[in-house]
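2 protein chains.
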Amino acid sequence: MSATQTATADAANGVAETMQAMGRQAREAARTMAAADPGSKNGALFAIADAIEAAEADLLAANARDLKAGKGRLDDALMERLELTPARIAAMAEGVRQIAALPDPVGAISDLAYRPSGIQVGRMRVPLGVIGIIYESRPNVTADAAALCLKSGNAAILRGGSEARESNLAIAACIERALADAGLPAAAVQVVATTDRAAVGELLRMEEYVDVVVPRGGKSLVAFVAENARVPVIKHLDGVCHVYIDDDADIDKAVAIAVNAKTQRYGTCNTMETLLVSEAVADRVLPRIGEILAQAGVEIRGCDITRGLLTDAVPASDADWGEEYLGPVLAVRVVAGVDAAMAHIDAYGSHHTDAIVTENMVNARRFMREVDSSSVMVNASTRFADGFEYGLGAEIGISTDKLHARGPVGLEGLTTLKYVVFGDGHVR
Amino acid sequence: MSATQTATADAANGVAETMQAMGRQAREAARTMAAADPGSKNGALFAIADAIEAAEADLLAANARDLKAGKGRLDDALMERLELTPARIAAMAEGVRQIAALPDPVGAISDLAYRPSGIQVGRMRVPLGVIGIIYESRPNVTADAAALCLKSGNAAILRGGSEARESNLAIAACIERALADAGLPAAAVQVVATTDRAAVGELLRMEEYVDVVVPRGGKSLVAFVAENARVPVIKHLDGVCHVYIDDDADIDKAVAIAVNAKTQRYGTCNTMETLLVSEAVADRVLPRIGEILAQAGVEIRGCDITRGLLTDAVPASDADWGEEYLGPVLAVRVVAGVDAAMAHIDAYGSHHTDAIVTENMVNARRFMREVDSSSVMVNASTRFADGFEYGLGAEIGISTDKLHARGPVGLEGLTTLKYVVFGDGHVR
Numbered sequence: 001m002s003a004t005q006t007a008t009a010d011a012a013n014g015v016a017e018t019m020q021a022m023g024r025q026a027r028e029a030a031r032t033m034a035a036a037d038p039g040s041k042n043g044a045l046f047a048i049a050d051a052i053e054a055a056e057a058d059l060l061a062a063n064a065r066d067l068k069a070g071k072g073r074l075d076d077a078l079m080e081r082l083e084l085t086p087a088r089i090a091a092m093a094e095g096v097r098q099i100a101a102l103p104d105p106v107g108a109i110s111d112l113a114y115r116p117s118g119i120q121v122g123r124m125r126v127p128l129g130v131i132g133i134i135y136e137s138r139p140n141v142t143a144d145a146a147a148l149c150l151k152s153g154n155a156a157i158l159r160g161g162s163e164a165r166e167s168n169l170a171i172a173a174c175i176e177r178a179l180a181d182a183g184l185p186a187a188a189v190q191v192v193a194t195t196d197r198a199a200v201g202e203l204l205r206m207e208e209y210v211d212v213v214v215p216r217g218g219k220s221l222v223a224f225v226a227e228n229a230r231v232p233v234i235k236h237l238d239g240v241c242h243v244y245i246d247d248d249a250d251i252d253k254a255v256a257i258a259v260n261a262k263t264q265r266y267g268t269c270n271t272m273e274t275l276l277v278s279e280a281v282a283d284r285v286l287p288r289i290g291e292i293l294a295q296a297g298v299e300i301r302g303c304d305i306t307r308g309l310l311t312d313a314v315p316a317s318d319a320d321w322g323e324e325y326l327g328p329v330l331a332v333r334v335v336a337g338v339d340a341a342m343a344h345i346d347a348y349g350s351h352h353t354d355a356i357v358t359e360n361m362v363n364a365r366r367f368m369r370e371v372d373s374s375s376v377m378v379n380a381s382t383r384f385a386d387g388f389e390y391g392l393g394a395e396i397g398i399s400t401d402k403l404h405a406r407g408p409v410g411l412e413g414l415t416t417l418k419y420v421v422f423g424d425g426h427v428r
Numbered sequence: 001m002s003a004t005q006t007a008t009a010d011a012a013n014g015v016a017e018t019m020q021a022m023g024r025q026a027r028e029a030a031r032t033m034a035a036a037d038p039g040s041k042n043g044a045l046f047a048i049a050d051a052i053e054a055a056e057a058d059l060l061a062a063n064a065r066d067l068k069a070g071k072g073r074l075d076d077a078l079m080e081r082l083e084l085t086p087a088r089i090a091a092m093a094e095g096v097r098q099i100a101a102l103p104d105p106v107g108a109i110s111d112l113a114y115r116p117s118g119i120q121v122g123r124m125r126v127p128l129g130v131i132g133i134i135y136e137s138r139p140n141v142t143a144d145a146a147a148l149c150l151k152s153g154n155a156a157i158l159r160g161g162s163e164a165r166e167s168n169l170a171i172a173a174c175i176e177r178a179l180a181d182a183g184l185p186a187a188a189v190q191v192v193a194t195t196d197r198a199a200v201g202e203l204l205r206m207e208e209y210v211d212v213v214v215p216r217g218g219k220s221l222v223a224f225v226a227e228n229a230r231v232p233v234i235k236h237l238d239g240v241c242h243v244y245i246d247d248d249a250d251i252d253k254a255v256a257i258a259v260n261a262k263t264q265r266y267g268t269c270n271t272m273e274t275l276l277v278s279e280a281v282a283d284r285v286l287p288r289i290g291e292i293l294a295q296a297g298v299e300i301r302g303c304d305i306t307r308g309l310l311t312d313a314v315p316a317s318d319a320d321w322g323e324e325y326l327g328p329v330l331a332v333r334v335v336a337g338v339d340a341a342m343a344h345i346d347a348y349g350s351h352h353t354d355a356i357v358t359e360n361m362v363n364a365r366r367f368m369r370e371v372d373s374s375s376v377m378v379n380a381s382t383r384f385a386d387g388f389e390y391g392l393g394a395e396i397g398i399s400t401d402k403l404h405a406r407g408p409v410g411l412e413g414l415t416t417l418k419y420v421v422f423g424d425g426h427v428r
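Residue numbers (UniProt numbering), protein chains in the order written: chain L, 1 to 428; chain Y, 1 to 428.
These are calculated hints, taken from the structure and not from any lab test.
Owing to the predicted nature of the structure, the values given are computational and were not obtained by experimental measurement.
Careful: at least some of the hints might be erroneous.
Identical chains share a label here; the pair holds if one copy fits it or two copies do between them.
Claimed, not checked - Below, computed lysine to any residue pairings styled on SDA-like, alpha-carbon distance capped at 20 Å: (1) K253 to P287; (2) K253 to S117; (3) K219 to A113; (4) K253 to Q120; (5) K219 to D181; (6) K253 to D424; (7) K235 to A54; (8) K71 to A54; (9) K253 to A34; (10) K235 to A223; (11) K68 to K219; (12) K253 to E17; (13) K235 to A61; (14) K71 to N360; (15) K219 to G267; (16) K235 to R165; (17) K235 to A336; (18) K253 to G95; (19) K235 to E207; (20) K235 to R205; (21) K68 to E80; (22) K219 to R177; (23) K253 to D104; (24) K253 to E83; (25) K219 to R230; (26) K253 to G118.
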């Protein structure tokens, strides 16, 4: 081995050892957290919020170092996400307090019933254990994710993007102080300090210590995680969301929903990327939508019929039907009716969020039942697919997986159910 | 390439192509099954039960061919599991009818509530899609698993052990006839005919077509699946189950539960493998248990204190604490109390099923909350950890995973929840 190779191997071993040690400590802390009562967990959360507010100057200084290092290296959107302001710091603290105010899910027993044998069987909601979160850019995720994991009785290992390292460590220092004040183990929330990507690989393979990993970031991160994970993953793939305007749609509602689903925010995963319109109403609804979207600067890529109705539309290729634009572009297709719309969604969608606009009960019921997406909507904008809008209080991500958690994942998604059995000397 | 290598590569390609085609057909069938009403699914299940009974002679003949091929090659336990008798065939048909009689889980909407925005949000229970089941020996799993998947609105790809191939294909023929009679797609249940293990590898990697794989079999199968799966897996690892007899145990209940948990059946995953006894009651309870187990021919491997009380006990090594004997052997350890018992279970257990025997409310509550196992019991035998005993009607397996399904997995474990949103033109 050359000196360089040895140094690299030593560094890799160092990262592996560091991660293993974090894993062991997290597992140990998870035991304490699982048994912690709501009072002490909420105490820690309020202390975290207070510490974040008190450390505003430190956080801004750390963030300034990240911004300086990123200048010229990161694009504008990334720089914007990375930036902390006094308002964002206050919002971060407020978010932690809101999580403290949510009902504590841990220990709730449901479905307790006597069985013919005389035993009483129920299910108790319990923490998953140790949760790894891998995320990018936004430093507020450090506080959000830590708060959600603590509230749900889990220990967390957080690995933020290297571009936000200084900001994340400054937030971590606030969390550490608060945990100590609340008498909870420091290892209940650990932030990975190294920017070496080997740390992510190690986190994904520590089956003994990590119960689930939640990647929050772009496609390359999620793909890397899916490729390398040996531990279970709650993942979030593309959001290729559809609105289908049915024969029996109310045209005013259809226009409002389509415009909102596309333009309320372009870059979110629940933004509409393809509009499907029944041929029965295309000539009444598309010109109105087309006019509003043209004013908003949205490019339309349409099928032949669409282009006949909207002269500015460019031809859509087959690739457009599966595209997550995340920007001011919309694919539009005129279809024969609800069956053709569902077939299109099944063939090209990503099973994230899909909506039908219709006054027709039969078509609405079929769409709700048959479209296999994490959120299915009637007469509402796809933009509602969100943990806050659904009443979860906060979300750690939106799952496009089918197992365990589907759609927005809040506190409940960070817990699981175990069976509890009560007897009085019962035997089989 | 040599001729042999080419033939092997061709065969492998053949298996891959066959599996891909099965996957495509299963995905297609899953769409129909997801929308099928309870009447047609139950019709198919009753038709399967009838077809199995009507085919008794065919099934016995096919099974005889498997038994003949296995003779001298398979051990007695395997031969016993493989064998079909008229009584077992009748029980198989009856099991399918019982599954038909269960409530249909698909389409149920829960938690439907209005949100401040005015939208109404709920969750609908829907099938997972395509379920792969990999199993060994027992041909009745073919009927059981097919029935559970059909009832829950899924399509199934079943891959039984090569030793049961003829029996499984004969059962598959019954299922195929019944599906045709009920007007459901033949591909709703497909049985893999090839005995090539490459088929399993392919099944585990078909993420596009397979939503979850459930391995039902020994450790080597489960390990192979864990190692090779790219699709989600509901897996079942060891059952290293404990009974802890507390300071405040009722001695009669403790003796009855310990004896039942060990001896009612030796080879099941919910059988007690380690008995923990508080030192406060060891001298009153262990001699009584020891005497009964000695008569039953159970070998005891004990700690030093145990060996002082039970002279026949052999010394336990550290390896005994983590051992799943699946036979007439029991590890016994005297511990200081409930904390030491929970620490032992945490260190050596497999998070499957653990029980405390106590009349003490404080210790019972702590044990129920803090022991992190799929089933936690007070004053009941670990042998109750079972889908039928829990009222699930039937089980496809017992999950030792934490995500999605934990403990016995019945119809609900083969479904998932999607969000449904109702609005009336609502936008954000």
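Checked hints:
1. K253 to P287: within (15 Å within a copy, 78 Å between copies)
2. K253 to S117: between (55 Å within a copy, 16 Å between copies)
3. K219 to A113: Close neither inside one copy (45 Å) nor across copies (33 Å); limit 20 Å.
4. K253 to Q120: between (50 Å within a copy, 17 Å between copies)
5. K219 to D181: Neither way: K219 and D181 sit 39 Å apart in one copy and 46 Å across, limit 20 Å.
6. K253 to D424: between (60 Å within a copy, 8 Å between copies)
7. K235 to A54: neither (34 Å within a copy, 47 Å between copies)
8. K71 to A54: Classified as neither; 27 Å inside a copy, 77 Å across copies.
9. K253 to A34: neither (47 Å within a copy, 30 Å between copies)
10. K235 to A223: Within one copy only: 9 Å inside, 24 Å across.
11. K68 to K219: So K68 and K219 fail the 20 Å test inside a copy (26 Å) and across (54 Å) alike.
12. K253 to E17: neither (58 Å within a copy, 47 Å between copies)
13. K235 to A61: neither (33 Å within a copy, 48 Å between copies)
14. K71 to N360: neither (54 Å within a copy, 64 Å between copies)
15. K219 to G267: within (14 Å within a copy, 46 Å between copies)
16. K235 to R165: So K235 and R165 fail the 20 Å test inside a copy (23 Å) and across (37 Å) alike.
17. K235 to A336: Answer is neither: 34 Å inside a copy and 44 Å across each miss the 20 Å cutoff.
18. K253 to G95: neither (33 Å within a copy, 50 Å between copies)
19. K235 to E207: Classified as both: same-chain Cα gap 17 Å, cross-chain 14 Å, threshold 20 Å.
20. K235 to R205: both (16 Å within a copy, 17 Å between copies)
21. K68 to E80: Within one copy only: 13 Å inside a chain, 72 Å across chains, cut-off 20 Å.
22. K219 to R177: neither (34 Å within a copy, 45 Å between copies)
23. K253 to D104: neither (38 Å within a copy, 35 Å between copies)
24. K253 to E83: Neither: 37 Å inside a copy, 63 Å across copies.
25. K219 to R230: both (19 Å within a copy, 18 Å between copies)
26. K253 to G118: Answer is between: at 15 Å across copies they meet the 20 Å cutoff, but 55 Å inside does not.
Against the hints set out earlier in the document, violations occur for numbers 3, 5, 7, 8, 9, 11, 12, 13, 14, 16, 17, 18, 22, 23, 24.
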